[in-house]
Amino acid sequence: MHAREHIKKALADALGTLGIARGDAILLEHPAELSHGDYATGAALQYAKQTGLAPRELAEKIVAALGTVEGVAKTEIAGPGFINFHLSSAALAETLQAARDEQWGRSKLYEGEHVLLEYTSPNLFKPLHVGNLVGNIVGESLARLFDFSAAQVTRINYPSDIGLTVAKGVWGIQKTGADPSDIHALGEAYRAGNQAYEEGGDAKKEIDDLNRRIYEGDAELNAVREAGVKTSLAHLNAICKQLGTSFDFELFESEAGKVGAEIVRNKIGEVFEESQGAVVFPGEKHGLHTRVFLNSAGWPTYEAKDIGNFKLKTGRYKSWTQYFVVTGAEQKEYFKVVIAAIRMLFPEAQQKIVAHVATGFLTPTTGKMSSRAGNVITGESILADLGEAAKERAKESRADDTDALAQQVAVAAIKYQILKQAAGKDIIFDRERALSLEGDSGPYLQYSHARTSAILEKAAEQGVTPKADAAAEPNDVARLVSRFPDIVERAAQMREPHIVTTYLVQLAGAFNSYYAQVHILDGSTSSPHKVALTDAVRQTLKNGLYLLGIPAPTLM
RNA sequence: GCCCCCAUAGCUCAAUGGAUAGAGCAGCGCUCUUCUAAGGCGAGGAUCUGGGUUCGACUCCUAGUGGGGGCACCA
Numbered sequence: 001m002h003a004r005e006h007i008k009k010a011l012a013d014a015l016g017t018l019g020i021a022r023g024d025a026i027l028l029e030h031p032a033e034l035s036h037g038d039y040a041t042g043a044a045l046q047y048a049k050q051t052g053l054a055p056r057e058l059a060e061k062i063v064a065a066l067g068t069v070e071g072v073a074k075t076e077i078a079g080p081g082f083i084n085f086h087l088s089s090a091a092l093a094e095t096l097q098a099a100r101d102e103q104w105g106r107s108k109l110y111e112g113e114h115v116l117l118e119y120t121s122p123n124l125f126k127p128l129h130v131g132n133l134v135g136n137i138v139g140e141s142l143a144r145l146f147d148f149s150a151a152q153v154t155r156i157n158y159p160s161d162i163g164l165t166v167a168k169g170v171w172g173i174q175k176t177g178a179d180p181s182d183i184h185a186l187g188e189a190y191r192a193g194n195q196a197y198e199e200g201g202d203a204k205k206e207i208d209d210l211n212r213r214i215y216e217g218d219a220e221l222n223a224v225r226e227a228g229v230k231t232s233l234a235h236l237n238a239i240c241k242q243l244g245t246s247f248d249f250e251l252f253e254s255e256a257g258k259v260g261a262e263i264v265r266n267k268i269g270e271v272f273e274e275s276q277g278a279v280v281f282p283g284e285k286h287g288l289h290t291r292v293f294l295n296s297a298g299w300p301t302y303e304a305k306d307i308g309n310f311k312l313k314t315g316r317y318k319s320w321t322q323y324f325v326v327t328g329a330e331q332k333e334y335f336k337v338v339i340a341a342i343r344m345l346f347p348e349a350q351q352k353i354v355a356h357v358a359t360g361f362l363t364p365t366t367g368k369m370s371s372r373a374g375n376v377i378t379g380e381s382i383l384a385d386l387g388e389a390a391k392e393r394a395k396e397s398r399a400d401d402t403d404a405l406a407q408q409v410a411v412a413a414i415k416y417q418i419l420k421q422a423a424g425k426d427i428i429f430d431r432e433r434a435l436s437l438e439g440d441s442g443p444y445l446q447y448s449h450a451r452t453s454a455i456l457e458k459a460a461e462q463g464v465t466p467k468a469d470a471a472a473e474p475n476d477v478a479r480l481v482s483r484f485p486d487i488v489e490r491a492a493q494m495r496e497p498h499i500v501t502t503y504l505v506q507l508a509g510a511f512n513s514y515y516a517q518v519h520i521l522d523g524s525t526s527s528p529h530k531v532a533l534t535d536a537v538r539q540t541l542k543n544g545l546y547l548l549g550i551p552a553p554t555l556m
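Residue 263 in the UniProt record's numbering sits at position 263 of the first sequence, with consecutive numbering throughout.
Possibly wrong hints are sitting among the right ones.
[What the hints assert, rightly or not] With a straight-line cut-off of 30 Å between C-alpha atoms, the simulated DSSO-like cross-links for lysine-lysine are:
# : residue 1 : residue 2
1 : K318      : K332
2 : K332      : K311
3 : K352      : K395
4 : K230      : K318
5 : K395      : K542
6 : K395      : K108
7 : K258      : K352
8 : K108      : K258
Honestly, the hints are just simulated from the structure, not real lab data.
Make a model of the complete structure from these sequences and hints.
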């Protein structure tokens, strides 16, 4: 049992002794200010009114009732009536030892849960959109947070392999005579198709017609389509690999459409209604808005495809307990309607979690256009630009393979930009800022990790064995390390990777400051403890970066 | 027109209804013969407006203002 549990139990007992009626939750938090201790409770403030005592007076009674708590060195009353707990040096040393293990930060929070997580989900035939990049980064981090919390996680990609985008690409291939197995030619073909479509006229009609024929199963067109899908998908998977994602399952929109249309057709009159020749879900009955699921030609819209998607995924992974779809925030209202329909169609979904996770728009700051793709910034171009910028810096590093390091730094830079703020809020992407690779950034965290690794290597050379000293005076770095499991738990519960990001910056800052003041390998008797502390920081940064999907090189 | 989201320092972001609202960037002053300067130290700088709830409000409610998104056969 950890100090946190000891404190919680002691608090519960103390409040009971004082005859205070409380809700089931004991409010125990990490004070923002480290000088306020390791844990704090506002219980005395909360229950002062009930007892008729002044908050500080009640706090004193609670502290008296607490007695001694294991792992706690000092309990004090502060401010308006907070009770602050300071961990003992022995408890902290124990935590430091635990933090040096690879499992550090893992919990049993979601043991027995099976999470289906759909993210990235791009349109094939065209370059990876920045929105897809954001979705991939957020989705992968959530997958890792769930995994760290003992849930079984299934990563799912749901690429769009049919529809207008694909038709534009197929049209372009036919016009330009492009080789559908060449990713660059494919990109050009799509661009030609898209441009022709926007210009309207005959080309637009041709593409619309082509789209219809693909849906109807035209063999020749579908052969071209499938060749392009294959190329596009291989390219996508290479990018995902660089970003640290590999999917367990790929479900195509074309498959989901057939299944979804069938389900919708069978529920007309129950869940769906016919209206103006189309089949709709009357959202107004649920405080939402009405949406079309089958268009007047009888084809499934995106809505019906998502119904089929749900059916196929949950059918394949029957033990699922939580279902998430990560997409841009503009689809928020859309998913409210689709999820309402899912709950009516699939009774089992009512007992489980089915949710849309919204990601914000990534918009570049004004005037900063990508040099690579004209005025369109793609996911690929951002990664490539960052990689180029990182190369310059990597040349000065100690890494053997500077190109590989530059790639890792580029991934850190973009992921950090996206995961440093609360999910769902728009992301202002300042390219100059991201390229600077300094200060509050992904590379900063990587550099801090590399620094700890270097110190440990040197310690090993000198034959210093890390050993946390139970008598060592607690410092801010050690105390921050001890918070990591709570941070991971909260981030997982709230599905907010940025909680981890914010924490890691704080930890790295505290360690770098410590490093500047304290000579770790000074040959004194305190060295083993300082090395143990460094190792604990190293492992915490490493695991924390892992949760963000950011690689942690040991040499920079 | 209706619905949803957002508003914190010059800029980009934090803050579990709690304590002196934290970082970084930009600008200013320091700091590498010492374990990694992609680092560290110092000073300056902020809760959109009006009401309300609360022992306590950046946080909750309400009325505004400004910005973004969505609202029938696109994805």
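Each hint, compared with the structure:
For the suggested pair K318 and K332, the alpha carbons sit about 26 Å apart, so the restraint of at most 30 Å is met. Under the criterion of a C-alpha separation no larger than 30 Å, the hint pairing K332 with K311 is consistent with the structure, at around 21 Å. About 51 Å separates the Cα atoms of K352 and K395, which puts this hinted pair outside 30 Å; it is violated. Taking the CA atoms of K230 and K318, the gap is about 28 Å. The hint holds against a cut of 30 Å.
Annotation: proposed proximity of K395 to K542 holds, straight-line Cα distance about 23 Å (limit 30 Å). For a cut-off of 30 Å, the pair hint linking K395 to K108 is broken: about 42 Å separates their Cα positions. A hinted pair counts as satisfied when its Cα atoms are at most 30 Å apart, and K258 with K352 qualifies at roughly 25 Å. This hinted pair does not check out: K108 and K258 have alpha carbons roughly 39 Å apart, beyond 30 Å.
Violated hints, in rising order: 3, 6, 8; the structure is consistent with all others.
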